[in-house]
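With the hints in hand, could you dock these two chains into one complex?
The lines below spell out each chain.
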Amino acid sequence: MNGLEKSLLNDFQRDFPLSKTPFADIASGLEVDEAEVLKGLSNLQAQGAVSRVGPVFQTDRIGASTLVAMAVPDERLEEVAELVNAYPETNHNYEREHRFNLWFVLTASTEKQLRDVLADIERRSGIEPLVLPMVEAYHIDLGFPLQWA
Amino acid sequence: MGLSARELTLVAAIQAGLPLVSRPYAAIGTKIGMSEGEVIERLSWWLANGTLKRMGVVVRHRELGYHANAMVVWDIPDDQVQAVGRRMGEQPAVTLCYQRPRRLPDWPYNLFCMIHGRDRDVVRGHVDTLVRQCRLEGVSHEVLFSNRRFKQRGARCADTGGRSQGSMFDGVQSTVVAS
Chain A
1 MNGLEKSLLN
11 DFQRDFPLSK
21 TPFADIASGL
31 EVDEAEVLKG
41 LSNLQAQGAV
51 SRVGPVFQTD
61 RIGASTLVAM
71 AVPDERLEEV
81 AELVNAYPET
91 NHNYEREHRF
101 NLWFVLTAST
111 EKQLRDVLAD
121 IERRSGIEPL
131 VLPMVEAYHI
141 DLGFPLQWA
Chain B
1 MGLSARELTL
11 VAAIQAGLPL
21 VSRPYAAIGT
31 KIGMSEGEVI
41 ERLSWWLANG
51 TLKRMGVVVR
61 HRELGYHANA
71 MVVWDIPDDQ
81 VQAVGRRMGE
91 QPAVTLCYQR
101 PRRLPDWPYN
111 LFCMIHGRDR
121 DVVRGHVDTL
131 VRQCRLEGVS
141 HEVLFSNRRF
151 KQRGARCADT
161 GGRSQGSMFD
171 GVQSTVVAS
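Going line by line, the protein sequences match chains A and B.
Heads up, the first sequence is in the working numbering, so the first residue is 1 and it goes up one at a time.
Heads up, the second sequence is in the working numbering, so the first residue is 1 and it goes up one at a time.
The following block holds chain B by itself, in its conformation from the complex (with noise of 0.2 Å):
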C-alpha cells in the first residue's frame, strides 16, 4: 500500500515481465511515458525498501522436473509460531513460509510453508527433516500436495484492462499441468 498512482503505473507495466530487447527499462519507460533513467530508480528503491522481494529471472518448477510440491501446514502454539516460523523460513528446503489465521473450526493450521521436489517421496523426506530441525515432534500437521495447476503468474494489481484472461486451458499463463 502507499504507492502513488505514477508507481503503480510502473508497477502495471512491469509486472508480466520485461521485453527481451536491449534497453529493457527505457521499452518500459516509453509505454508510460517515465524516462529510462526514473524507471531504473524506482525499481531500485523498491528493491532497497522491500516492495520488490526480488528482480531477476522466474523459473516453472514443474517444467524443470520439480514435479512435487507441496503446502505443509502445521498448527504452532501462537506464543511459538514467531521462534518456530522464523527457524523453519531458514530451512534449505522451504521456499516460502508464512503465518497465517486460524479459522475454527475448519482450519486448526497457523503456518505455512511450501516445499518443491522432484518427487513425493524426496518432499516428504524434507518434512521428516523439518520435523526434526524445528522440534516439531507430536505438532499436528498436514501435507497438502498440489495436483492440477489452473494457473500461474505474476501478480497483476494494478491491472486497470478488461477482464481478459480466457479458460483455464488457454494460453501459458494458464496451464493445467497434472502431477
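Looking at chain A on its own, in the form it has when it is part of the complex (with noise of 0.2 Å):
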C-alpha cells in the first residue's frame, strides 16, 4: 500500500468535504492529481479496504433499528444466516463464540417494517430471536484509526 493510499485510508473517515468538488479539494490538499485520488479510492474498493465513500448514518435517526442474537444450531447456521442474509433489512451479519451465535443487525423504514421482518424471521428459521435495541449510545463515532505495521 502506498502512501496516497494510507493516507486517504485514515485521513478522510470524518470531516470528507462538503463542497461541489471534494475529490479534487483532497487532491489539493495532498498535492496530488484529482484522478490519482479517484483511482487510489476505487483501488481500494476494489481490493475492498474500503467498503465505501460516504455517509454513516445514525440508523435509529432514518428509521427503526436493532442488534438481533440467535441461538442457531450448529449444523444450521450457515443455511439461517443465507436466511437473515437475504432479507435487504439486514446490514451486518456475524458469526460469533457463543451460545448465541448469530448477531446480525436490522434496518427498516418503520417499527412495524421491522417488527414483520422479525416476526418473518422467526417463523421461518422456526428460532426465538433475542431482540436488543440499542437504549443510549455512549461513543462518538470518529472513524477507526488506523495503525501500519
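The hints are simulated quantities; they were obtained by calculation from the structure and are not laboratory data.
This structure is a prediction, so every number in the text was calculated from the model and none was measured.
Mixed in with the good hints, there may be bad ones.
Stretch by stretch, here's where chain B covers chain A in the computed footprint (C-beta under 8 Å, at least three residues) [to be verified]:
| # | stretch |
| --- | --- |
| 1 | 30-43 |
| 2 | 52-66 |
| 3 | 87-96 |
| 4 | 103-110 |
| 5 | 116-125 |
Where is the CB? At the ideal position from N, CA and C, for every residue including glycine.
Next up, the structure:
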C-alpha cells in the first residue's frame, strides 16, 4: 500500500469535504491530481479495504433499527445466516463464539416493518430471536484510527 | 425518524456511497431530481444535527489486518450503567458502546462495546485495560469473538426496491471471511 492510499484510508474517515468537488479538494491538500485520488479510492474499494465513501447514518434517526441475536444449532448456522442475509433490512451479520452464535443488525423504514421482518425470520427459521435495540449510545463515531504495522 | 419523503429519497440514493466522480453530489442529485446545492445543504444539516454520524471513507477492518473483533457484554447495575457507559465510550480501544435491554433469563447483559485488534491477544489485553480503567473488577462480562462474517454493508433502510440481495457467498457486500 502506498503513501497516498494510507492517507486516503486514514485521514478522510470524517470531515470529508462537502464541496462541489470533494475529490479535487482532497487532491489539492495532498498535492496530487484529482485523478490519482479517484483511482486510489477506486483501487481500495476493489481490494475490499474500503467498503464505501459516503455517509454513516445514525440508523435510529432515519428509521427503526435493532441488534438481533439467535442461538442456532451449529449444523443449521449457514442455512439460517443465508435466510437472514436475504432480507434487504439486514446490514451486518456475524457468527460469534457463544451459545448465541448469530448476530445481525436490522434497519427498516418503520417500526412495523422491523417487527414484520423479525416475525418472518422467527417463523421461517423456527428460532426465537433475542431483540436488543439501542437504549443509549455512549460513543461518538470518529472513524477507526489505523496503525500501520 | 421524522425525515420527509424527499429526504428519504436522498438517504436511499446516497447510502451505498458516493460515486467516484468529480461532482459526486451533483451525480446523486441528478438521479433524484435534487440540485447539487440542495444535496450538500441537507448533508451538512444532517451532520450538524446528528442524523449523520460522519461522512467519509468507511474501512473494512479485516481486510486491513484487524483480524480479531470482539463484542464485550457487561452486566452493570442499572443505576451505574450511564456513568460506566460514558467512561467506556471514551476509551481509545472502544469503537462502539451501547446500552441495550436485558432479556432475562437468557441475556443478563445491558452494556455492549466493540473492540478490534490485529489478533485475539491484543483484544484480550484491551479488555483487561478496560476492566482497570472503568473499575469493573468483579463485574460479570463475556467476550464474544466474531468468527465468520456473513454480511457487512451500510444500512439500506430507505430501499424501495425488491429483495435483490443474493446468497451470502456472492458479491462484495456479503463476503464470508474466516478469522
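Here is how each hint holds up against the structure:
Residue count for the stretch 30-43 of chain A with a Cβ under 8 Å from a Cβ of chain B: 4. That meets the three needed, and the coverage hint holds. Counting residues of the stretch 52-66 of chain A whose beta carbon lies closer than 8 Å to any beta carbon of chain B gives 14, which meets the minimum of three for the stated coverage. Check on the stretch 87-96 of chain A: 10 of its residues sit with their Cβ under 8 Å from a Cβ of chain B, so the three-residue criterion for coverage holds. Coverage of the stretch 103-110 of chain A by chain B holds in this model, with 6 residues showing a Cβ closer than 8 Å to a Cβ of that chain against a need of three.
For the stretch 116-125 of chain A, the proposed coverage by chain B is not satisfied: 0 residues have a C-beta within less than 8 Å of a C-beta in that chain, short of the threshold of three.
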